[in-house]
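S.K.: Chains as they are written, first to last, in our numbering: chain E, 5 to 615; chain S, -2 to 233.
Rather than coming from a laboratory, the hints here were simulated on the basis of the structure.
Treat the hints loosely; a few may be bogus.
[Unchecked claim] Pairs of lysine to aspartate or glutamate residues, derived as EDC-like cross-links and limited to a Cα-Cα distance of at most 20 Å, are as follows:
#1 E/Lys268 / E/Asp224
#2 S/Lys75 / E/Glu469
#3 S/Lys93 / E/Asp475
#4 S/Lys93 / S/Asp20
#5 S/Lys93 / E/Glu469
#6 E/Lys326 / S/Asp100
#7 E/Lys563 / E/Glu605
#8 E/Lys62 / E/Asp86
#9 E/Lys62 / E/Glu257
#10 E/Lys419 / S/Glu58
#11 S/Lys93 / E/Asp322
#12 S/Lys228 / E/Asp322
[Unchecked claim] Over 12 Å on every C-beta distance to chain S, these chain E residues come out as not near it, computed from the model:
#13 Phe136
#14 Arg172
#15 Cys271
#16 Leu386
#17 Asn477
Quick caveat, the model's predicted, so the values are computed rather than measured.
A virtual CB, placed ideally from N, CA and C, is assigned to each residue, including glycine.
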Amino acid sequence: MPRVVGIDLGTTNSLVAYMEGGAPRVISDAAGRTILPSVVSFGWEGRPDGVIVGEEAKEHLITHPGRTIYSIKRFMGKGMEDVGNDRSFVPYALTGGQQEVVRISVAGKLYTPPEISAFILRELKHRAEAFFKEPVRQAVITVPAYFNDSQRQATKDAGKIAGLEVLRIVNEPTAASLAYGLQKKKEGTVVVYDLGGGTFDVSILKIKNGIFEVLSTNGDTHLGGDDVDQQLMRLIVREISDRSGIDLSGAPEALQEIRLVSEKAKCQLSFEEKAEIVLTFPDKKIDYRRTISRTEFDALITEFVEKTLGPCRQALADAHLKPDQVDEVILVGGSTRIPLVRKKVAELFKKTPHSELNPDEVVALGAAVQADILAGGITNMLLLDVTPLSLGIETMGGVVSRLIPRNTTIPTSAKEAFTTFVDGQKSVSIHVVQGERELVKDCRSLAKFNLTEIDPMPAGIPRIEVTFMIDANGILNVNAKELRSGKTQSIEVKPTYGLTDGEVEKMISDSIEHAREDLNERMFIEARNEAESVLRHAEKALSQGAALIDPSEKAEIEKSMAGLKEAMNGNDHHRVREALDRLDQSTKNLAETLMNQTLKEALQEKKLSDL
Amino acid sequence: MKLSGMSEVSTKRACWHCGAQIDSIHLCNQCGTLQRIPEGIDYFTLFGLGPRLSLDSARLEATFYELSRKFHPDFYQKKSSEEQAISLENSAVLNKAYRVLRDPVQRVEYLVRWVEGGSTVDAEAPADLFDEILELQELLESIKETPDHPDQRGRRLDALKGEQARFGQIQEEGERALEGLSKEWDRLSETSEGSGLTEAQRRSLSEMKRILARRAYLERVLNDIQSGMDKLEKGS
């Protein structure tokens, strides 16, 4: 049975897990670390693709902020218009035109977020392969429940680029519920409150007889522990500016250091009543010290925590539930360690939330459970998830016509008939959007589907039935049929903020190409090493036996040697091998002659000694 | 009892995989492969129920879970691409059917639509509420023109709250009437024999349709009130 691993591709940290003996486990690296920081540093010579991933890359956040990428998940499936404030909070350069996917300019190249995420996924893939000692090709990857279609598609693309077949995209809170349900074997109505590094989700599930039915989900894909760090950063930058008059908001290295110090203080304040912040920038003559108390910290983040409660109330309303009808609340994600978060959640749902499972690992563990279900291991558990956002199409006057309401159990589909407005019209364009608002401009544009090659007919005669199918990944698939002929209608898809299939294919072939380049490089190095030793031998042989061969032969050998030296200065291992062969040929006679000579001498020596 | 239009779809067909004759909604007894749910089969039949409007929600849920285990794509990961496609389509039909049947109002809408063979129930302004609605429209119009009128804000907000309560109550009355009609429909269906609809059933259906049309209109009115209140709150 091929291995299917479960991957939690997080904003801050990523993990890979698998199922063994009915229990999910996280796979650690050679050093025993389970968490892989979602950080990719570029421009390192001597490294594959010039890239460093994880713990080691994290060290370069301060030393090389411009080429060390973190929190890439915030940019998955986004266009420049969506990026907004985030742009000023990351030290790396974002580019891209209107209605285009964001690109990150680093080490002289442009990368899309899926390509950068693919480096993280590849690292996890290698980690799993080293553990199993066999190739891993299939995976289940988790995403925030509130991720829209473009963000899910971008995650799937990242998997493909990393050489993984993504069998399923699973929502993080529901994955957590699977891990929880498997261990606790409890039934009832469960709320999963998932506050991660960059995203917030809440899902309400009914667990019964092995069925995990999601009743509703809500969230904010732009709310997480990062925001807490930023609150602290703002405070520190402001106080430094007040005390010394130096504004650090435009200094990427300093900001990175402030960010890391803020993160540390935040974590400390989850367990202690106060934290000390110390920052020194000797070159700027800044020596900043302050103690922050839990009370001060709580006041700083109250607004942030309150922001998560709105989606919780909406999820309850959508599930037609009152807080007292909830049996349990499960906390997921590192940010749920913050005491104020726990307090507010307990108040809202009127019960103490659970957090026995490691909040950093539970999502990856759940992904492994889902992977095992798909691999045919577990057969009694089934997850029935929902689509987080309503799906609609643009109609006259920029109004949205809703086809699939939010919180509909997936897979789900809707059919809609289209026709032409002008005689002989050959194509019809359908604009698909996702969101809860009435007007197209307030929703998120997903894609334009162009029905093409419509047979020329009078206006209103063609009847094209379009099926919008949201699959179990929460990803939209569209197909169309001409009803009179029963023929499949061809469709061109133009994703608004996504990559076209062609672009993904190119990225995959590029990464294979890179692998080939790497291989070429290694083979050249091996050939060159061999050539060096052969050259040394040839020179020695020539100095010993030049008198034994005729001058034309000697000239041929010297020519071959020069040819090899030249090939060694290139980068083509084939040429080095050819030159090596040629030198081998031309020195054959010399080698034999020398061998005979040695033999003769040996015999002579023997004779002499015999005497 | 048979309804015109309902249950006329035959489940007799050839298995797409082995060609054997089957008479099942989703399974070939010969080769065991999953079959596409016949197009046009009604949701009640899919759930093994007659066209009744009072449903036991626990039983409905149990059937939904049971059928989910039969159809869900998770269990067809290693099957042929044809079977995977069928599993996807069947799951989509099942999920939609459950969404409709579990909701008492949508259930009635579905039945009416099915029997009449029409599409959605059109919203219709209730004639008896004409004056009230006109009054509300004027209020909403004035809010639209001067959303940030400071002196009027409190008064307008109170007025809208009053309207919200009033129309909400009318809506609830409609729901109760639908409940009563649903019970009546089930009783009539129990006693009726033969194929077509009885005169009493037709009357019951047309009354349900009237309430649904009214309900759809009032739903819009309630939405307008809500967005009017949002506007006032934002204006402050």
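S.K.: Each of the hints needs a verdict: does it hold here or not?
M.R.: Comparing the hints with the structure gives:
1. With a C-alpha separation of about 24 Å, the suggested pairing of E/Lys268 with E/Asp224 is violated against the 20 Å cut-off.
2. Only pairs whose Cα atoms come within 20 Å are accepted, and S/Lys75 paired with E/Glu469 is rejected, the gap being roughly 30 Å.
3. Between S/Lys93 and E/Asp475, the direct Cα distance comes to roughly 13 Å. Compliance with the 20 Å bound is thereby established for this hinted pair.
4. Between S/Lys93 and S/Asp20 the alpha-carbon distance is near 23 Å, which puts this suggested pair outside the 20 Å criterion.
5. Proximity of S/Lys93 to E/Glu469 is assessed by CA-CA distance (about 18 Å); at most 20 Å being required, the pair is judged to hold.
6. Between E/Lys326 and S/Asp100, the direct Cα distance comes to roughly 18 Å. Compliance with the 20 Å bound is thereby established for this hinted pair.
7. For the hint linking E/Lys563 to E/Glu605, the alpha-carbon distance of about 30 Å lies beyond 20 Å, and the restraint is violated.
8. Of the supplied pair hints, the one linking E/Lys62 and E/Asp86 is violated, its CA atoms being roughly 26 Å apart against a limit of 20 Å.
9. Of the pairs offered as hints, the one joining E/Lys62 and E/Glu257 holds, with about 13 Å between alpha carbons and a cut-off of 20 Å not exceeded.
10. Between E/Lys419 and S/Glu58 the CA atoms are separated by roughly 25 Å; this puts the pair beyond 20 Å, and the hint is violated.
11. Restraint check for S/Lys93 and E/Asp322: the C-alpha separation of about 17 Å stays at or below 20 Å, so the hint holds.
12. Note on S/Lys228 and E/Asp322: the hinted pairing is violated, with a Cα-Cα distance of about 23 Å set against a maximum of 20 Å.
13. Distance check on E/Phe136: its Cβ is at least 20 Å (rounded) from any Cβ of chain S, clearing the 12 Å threshold; non-interface status holds.
14. A Cβ of chain S approaches the Cβ of E/Arg172 within 12 Å, the least distance being about 8 Å, so the stated non-interface status is violated.
15. For E/Cys271, the requirement that its beta carbon stay farther than 12 Å from each beta carbon of chain S is met, with the minimum near 37 Å.
16. The claim that E/Leu386 lies off the interface is violated: its Cβ sits roughly 6 Å from the closest Cβ of chain S, which falls inside the 12 Å cut-off.
17. With a least beta-carbon separation of about 9 Å from chain S, E/Asn477 fails to lie farther than 12 Å from that chain, contradicting its non-interface assignment.
Hint check: violations occur at hints 1, 2, 4, 7, 8, 10, 12, 14, 16, 17; the rest are consistent with the structure.
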